[in-house]
Amino acid sequence: MLRFGSNPPNIREMSEDEVLLSRLELLIIMSKAYLEDCPLGKHRKEAVLRNAQRVAHVSPNWGSYGIQFRSNDESREEMDFGHVFHQRVQLLTLMTKSFVEEYPMGRLRKKALKDNVDRICQAVMFSGQMSGMKFLKVA
Amino acid sequence: MISNVKIAVVDDDQLIRDFLVDALMFCVNRDVLSFDSGSTAWDYLQAHEDVDIIFCDVDLPGINGLQLLAKTKKKFPNRKCIVMSGDPATEKSAEELGADTFLAKPFNLKDLFDIVQVFVVEGTRKPIKGRTKPQPSKR
Numbered sequence: 001m002l003r004f005g006s007n008p009p010n011i012r013e014m015s016e017d018e019v020l021l022s023r024l025e026l027l028i029i030m031s032k033a034y035l036e037d038c039p040l041g042k043h044r045k046e047a048v049l050r051n052a053q054r055v056a057h058v059s060p061n062w063g064s065y066g067i068q069f070r071s072n073d074e075s076r077e078e079m080d081f082g083h084v085f086h087q088r089v090q091l092l093t094l095m096t097k098s099f100v101e102e103y104p105m106g107r108l109r110k111k112a113l114k115d116n117v118d119r120i121c122q123a124v125m126f127s128g129q130m131s132g133m134k135f136l137k138v139a
Numbered sequence: 001m002i003s004n005v006k007i008a009v010v011d012d013d014q015l016i017r018d019f020l021v022d023a024l025m026f027c028v029n030r031d032v033l034s035f036d037s038g039s040t041a042w043d044y045l046q047a048h049e050d051v052d053i054i055f056c057d058v059d060l061p062g063i064n065g066l067q068l069l070a071k072t073k074k075k076f077p078n079r080k081c082i083v084m085s086g087d088p089a090t091e092k093s094a095e096e097l098g099a100d101t102f103l104a105k106p107f108n109l110k111d112l113f114d115i116v117q118v119f120v121v122e123g124t125r126k127p128i129k130g131r132t133k134p135q136p137s138k139r
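Keeping their order, the protein sequence lines are chains A and B. Here my numbering is used: the first residue of the first sequence is 1, the next is one more, and so on. Here my numbering is used: the first residue of the second sequence is 1, the next is one more, and so on.
In case anyone wonders, no lab produced these hints; they're calculated from the structure. Fair warning: this is a prediction, and the values are worked out from it, not measured in the lab. Note that CB positions come from ideal geometry on N, CA and C, so glycine has one too. One or more of the hints may lead you astray.
[To be verified] Under the rule of at most 20 Å between Cα atoms (straight-line distance), these lysine to any residue pairs were calculated in the SDA-like manner:
1) B/K6 - B/P61
2) A/K42 - A/V58
3) B/K110 - A/K42
4) B/K110 - A/S6
5) B/K110 - A/F126
[Claimed, not checked] Partial list, derived from the structure: chain A residues whose beta carbon lies under 10 Å from chain B:
6) E25
7) L35
8) D37
9) H43
10) E46
11) T93
12) L94
13) P104
14) M133
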C-alpha cells in the first residue's frame with residue numbers, strides 16, 4: 001500500500017482554511033498551466049471556473065487566518081497586507097475566468113497574470129513549481 | 001497510461017469532496033464522479049464497470065469507507081482504491097483490506113498530483129502486484 005499525506009502524529013481532519021488554501025494553490029497551478037500553453041479542454045475549463053468561483057466567493061481576512069505572509073517591508077501592518085493580498089486573489093479569480101472564457105489575452109495581460117501569480121506565491125510561500133505535472137500537457 | 005480514466009470521489013464533507021473533484025478533473029481533463037455516502041457509491045459501482053479509481057473517505061454515512069473498500073476489492077479487485085482519513089488508527093485496517101493508497105489528512109495538492117502520476121499516468125487497468133513505493137517515471 002502506498003502512503004501520501006500527513007505523518008501519524010499530525011493526522012487529523014482538514015480545516016476549511018486548509019481546503020481554501022489548497023484551492024488557492026490549485027488556482028495558481030491552473031494559471032501557470034495556461035501560461036505554459038497546457039491544453040485546456042472542456043473539463044479543465046469547468047474545473048477552473050468552479051475553483052475560481054469558490055475562491056472568489058470566500059472573502060477571508062487573510063491576516064486573521066494566521067497565514068504566514070512573507071513581506072520585505074517589516075513596518076507594514078499585517079492586516080493591510082492581508083487586504084491587498086485579498087484583492088490580488090480576487091483579481092486572480094477574474095483573470096482565470098478571462099482566459100477560460102477565451103477573452104483576448106495578449107502579451108501584456110499574460111504578463112499581468114504572471115506577475116499577480118508570482119506575487120501571491122511570494123506572499124504565501126507557495127513554490128508554484130510545475131515539475132511533476134507533465135500530465136497537464138496532455139489534453 | 002490509463003486513457004479516458006474514470007475517477008469517483010466518495011466523501012460526505014462537501015468542501016473536501018468538491019475540492020477533490022475540481023483538482024482531479026483539472027488533472028485528468030475528464031469528468032469525475034462524486035458521492036456523499038458509501039451506499040450511493042456502492043450502488044453505482046455495482047451497476048457500472050467503468051470506474052478505474054475510487055477516492056473514499058473512511059468516515060461515511062451508511063456504508064463506511066472501509067466497508068466500501070472491502071466490498072470493492074472483493075468484487076472488483078482491479079479497481080484502485082485510495083482511502084482518505086483523518087484518523088491514524090484506520091491506516092492499518094485500510095492496508096489489511098487491500099487499499100492501494102492511504103491518503104492521510106490533511107493532505108495537499110502535491111499529494112493529489114503524485115497519486116495521479118502513479119495511478120493514471122503510470123497506471124494500467126491490470127492489477128499491480130507487490131508494489132510498496134512510488135516508482136520513478138521511465139524515460
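Structure-based check of all given hints:
Pair hint B/K6 plus B/P61 does not hold up; C-alpha atoms about 23 Å apart against a cutoff of 20 Å. Proposed proximity of A/K42 and A/V58 is contradicted: the alpha carbons are some 25 Å apart, above 20 Å. Among the hinted pairs, B/K110 with A/K42 is inconsistent with the structure: their alpha-carbon atoms are about 23 Å apart, more than 20 Å. Between B/K110 and A/S6 the CA atoms are separated by roughly 12 Å; this keeps the pair inside 20 Å, and the hint holds.
Between B/K110 and A/F126, the direct Cα distance comes to roughly 11 Å. Compliance with the 20 Å bound is thereby established for this hinted pair. With its C-beta approaching chain B no nearer than about 5 Å, A/E25 sits inside the 10 Å limit, and its interface hint holds. Hint on A/L35 is violated. Least Cβ distance to chain B is approximately 15 Å, over the 10 Å limit. Hint status for A/D37 relative to chain B: violated, with the closest Cβ pair at about 15 Å, above 10 Å.
Taking 10 Å as the C-beta contact cut-off toward chain B, the hint placing A/H43 at the interface holds, the least distance being around 5 Å. Annotation: A/E46 was flagged as interfacial toward chain B, and the flag holds, the nearest CB pair being 7 Å apart, inside 10 Å. Nearest Cβ of chain B to the Cβ of A/T93: about 13 Å, over the 10 Å cut. The hint is violated. Hint status for A/L94: violated, given a least beta-carbon distance of 18 Å to chain B, over 10 Å.
With a cut of 10 Å, the hint placing A/P104 at the interface with chain B is violated, because the nearest CB-to-CB distance is about 23 Å. Hint on A/M133 holds. Least Cβ distance to chain B is approximately 6 Å, under the 10 Å limit.
Figure legend: structure checked against the earlier numbered hints; hints not met, in rising order: 1, 2, 3, 7, 8, 11, 12 and 13.
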